[in-house]
Amino acid sequence: MHWSELIIQQTINGLTRGAIFACIALGYTMVYGIIELINFAHGDIFMLGLMVSLTLFAALGLAHTLGPWELLIFMPLILVLTMLITGFLNLAVDRIAYRPLRRAPRLVPLISAIGVSFMLENLALVWKGPYVLSYPDVFPSFDILRDVFHLESEIYVTSKDLLVIGVTIPLIFGLHFFVTRTFWGKAMRATAQDPETAAAMGIDVERMIMLTCFIGGALAGAAGMVHGLYYNIGQWWMGYQAGLRAFTAAVLGGIGNMPGAALGGFVIGFLSTWSDQYISARWTNAVVFSILILVLVFRPHGLLGEPAPEKH
Amino acid sequence: MLEVLDVHTSYGKIRALKGISLKVERGEIVTLIGSNGAGKTTALKTIIGTLKPHRGEIRLDGNRIDRLSTDKVVRMGIAQSPEGRRIFARMSVLENLELGAFARADKHNVAADMGRVLALFPRLGERLQQKGGTLSGGEQQMLAMGRALMANPKLLLLDEPSMGLSPILVETIFETIRNIRQQGTTILLVEQNARMALRISDRGYVIQAGYIVLHDRADDLLRSDLVRKSYLGEKFA
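One line per chain: the protein sequences are F and D, in this order. Here the first sequence is numbered in the working numbering, starting from 1 and rising by one per residue. Here the second sequence is numbered in the working numbering, starting from 1 and rising by one per residue.
Simulated from the structure, these hints should not be mistaken for lab results. Fair warning: this is a prediction, and the values are worked out from it, not measured in the lab. It cannot be assumed that every hint is accurate.
[As the list claims (entries may be wrong)] Just some of the chain F residues that point at chain D, by a computed CB distance under 10 angstroms:
#1 PHE183
#2 LYS186
#3 ARG189
#4 ASP194
#5 ALA198
#6 ALA199
#7 MET201
[Stated by the list, open to error] Facing chain D, from chain F, some residues (calculated, C-beta under 8 angstroms):
#8 PRO76
#9 GLY185
#10 ALA187
#11 ALA190
#12 GLN193
#13 GLU196
#14 THR197
#15 ILE203
#16 ASP204
Every residue gets a Cβ at the ideal spot worked out from N, C-alpha and C, and that includes glycine.
This is chain D alone, in the form it adopts within the complex (with noise of 0.2 angstroms):
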């Protein structure tokens, strides 16, 4: 579904992606691991748009995306969770929800997506007239992802959704993220917390200082040196 072809990305002088390739088929869940400025971000902000890549492609379905301006990346089936999650603040619960929806085509499908969102997420439910900025950071997280799927995306990024959230609500987090998968949206994921993204995903990829070191399936990282010693913590008899 996704291909990124040999991306190089750069914040002026600073060379971020140095040629990473990567895929993701449909159906799946595929995580993007490394340390912070590996660029993880910098890799989810080329594919949606934001940053130009100055070489490489990226194909979604065939069809290059690297030359679109962001609204039409997301236009073609790609949404996002960002990095900090980015509420609009000043806005309610549910006009965030109904800007994740601006893009549609099919403006008739909305208010069955609006429902399985707040299925996914009731906490979200009960505070609709909120405004964004006065929820907690776990209900901001569901808020993000919950704007992403308003987009009713073919691929969803979710950029660090774990990020400064309590033990329990990762669990829950991760656990909603595998049932987004079941409903039948495509995920790539970036996370800080290997353990936990390996543990849900079909494959991954380790990203060190702008380029990929390391790609194989979720479990076969999990049992890899590289990624016990760097990115688990593990120590070694």
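Same shape as in the complex, but just chain F (with noise of 0.2 angstroms):
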């Protein structure tokens, strides 16, 4: 392989590996942005996201590689389902874990949200096991480059690049639009940037941190499936490595700030796939902290992040 090749497909490889990134890290940024809580538990939302993906093609009986119309019926199908099944957890833990700590010292709810992270992962543990789980090669992988469009390439782009990116993107934009278009994705703007005013509004922030939490698991969830579904693994703890790297990329892009989050998971993605490359897997993590380390020193607020904080 040529090393300009080399680059281009380790690329995309980052583009997909930011791409779930970027969808867990604007969880992290919007609960963050809403009540001011890392919420530790969601990466194991995510890793939750794929256990229930996994038992949902189990019980549909769908271990095989799906053709052009399970596809359509049965993709779709598991991914609303696993999204409102770890939307629900989200809340629900908002509910049980944080919200009777809301005025609570901020060091509080944060030492809960460890624990709920244990509880989690420790119920994966005893649900599916110690080992590493397969998940099923469900979807169809071939090459497009050269078993579609015939090129003599050493690159590839797989049909599950296409589907990482393809689920990934429009949850993206699909979520840009709503905070920025919609009238309930304004009341939940107007909620973060300044609670009490927004209650001064008429809105109900209960409300408001409710849906905010339910979109942000909803959307870990989408991701557990689709890294699933692409990587063919999943285990209990994956999802302590996957929330640190995409609270990396929130805090990267600047904690609360949505698109800061989905530039952040690129960034961390790229980062990543070309430090696995070039540097060694084992010096990764090694490499994306110091380049936040470095990011926080000389931008403390992040790349998209703004200076002053508004909250008053």
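Given two chains presented individually in distinct reference frames, assemble the corresponding complex, making use of the accompanying hints.
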């Protein structure tokens, strides 16, 4: 493989990985924006998205590579069900573990979040066991450039890359449309900017928090499902690693800033694949966190975050 | 319309309101004057439900509202232009105004009220797409008042609308407050600029250290020794 092809290949891989990070990072940043809590359990919601979709495929008896009609019916069905389940799960986490602590000092819900993270991980451990699970290869896998366009190329762009992009990018843009164009989306942003004043507009702040948690959880669930379909493996502790990187992405972009979280996700995706290729996979965490530290030293509010807090 | 009866409010252990009572009748402008820290803002925050009183009652048209959350109080017909304006800085002027109408059941009247607000504050109409955070202080005050009016409230609470504004703008703002009342909105005003506030008001209350110490018609308050000495800065021979 020529070196230029290698760069392109790793960039494509980075795009795919980054799209998954972006989806998770958006949930982190939205929830932080509205209740100023780093939801440590968020990565585990992502993991449960994988587990739930895996269970749904199994329940429907789908362990083979699906045909066109099956894809058209079952993929959207399972995606939507998974997103609903993880959305409500995240909402329940807020209700049970964070809402009673709304007026407590900020460290208290943070500790509660770490506790929830352990609980969800152990739930998955009991439910699915300690093994590396194989996620069925239900999505047909083929190479786009060679198999479809008959190009002579060493670069692989697979149908699974398209799957990840095809699911995550519309979700990201859909969310953007929702928060910038719709009435409820605007109310959600207003609540994140200033809850007290939002309440004085007649906005039910608790309901907005519920909506935010639901959306964040649903996005993480979708990311979990496409992660499973793409890599074909899953394990009970995988949410920790993914959550840590997605959280880094959210901070890199400017915590609380939604376009920042999406951008941060892709930046981390590219950096981590390049680092895996050109440095070494075992150094990737060090590289990612070094970049984070550098960004925070020179731009403490992140790439797109705003310097002055608007909160009163 | 609004009755506040023996209301006590605390921040933790600090007692900010120690039993205040006041009334606002339909169509009135009533002013609450007092120095910094006397409890003016606390009183407004307690009325709109941001703070909960631990004693006393607040009634709007006879219905108790002191146990309701802020969004429900707003739905009952109270809106507020808060201290420090609290504009949604990252949202456009238009979005800020639309949010003011968030809780309304009568969505079909919103467009008419938008027209009314833009007629009151033509400057806002020129800046509809601009981000709230980029407005000048005076424009932000106009936006805060316009946003509150978009709720079409029975009762409008105004917290220090003249704060930090140039004398000419202060004149404009007070003139506008008078216009808003003429259009039928009842107003409870909190001000440090006691002279200007009392001039446009029907009645006034003087609040000191969490107590209402004086209550009278506005022109009588302007002539009273306490107000002249403490709030108008007049020297006595």
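Quiz item: Checked against the structure, which of the hints given earlier come out wrong?
Solution: Hints 8, 9 contradicted; others consistent.
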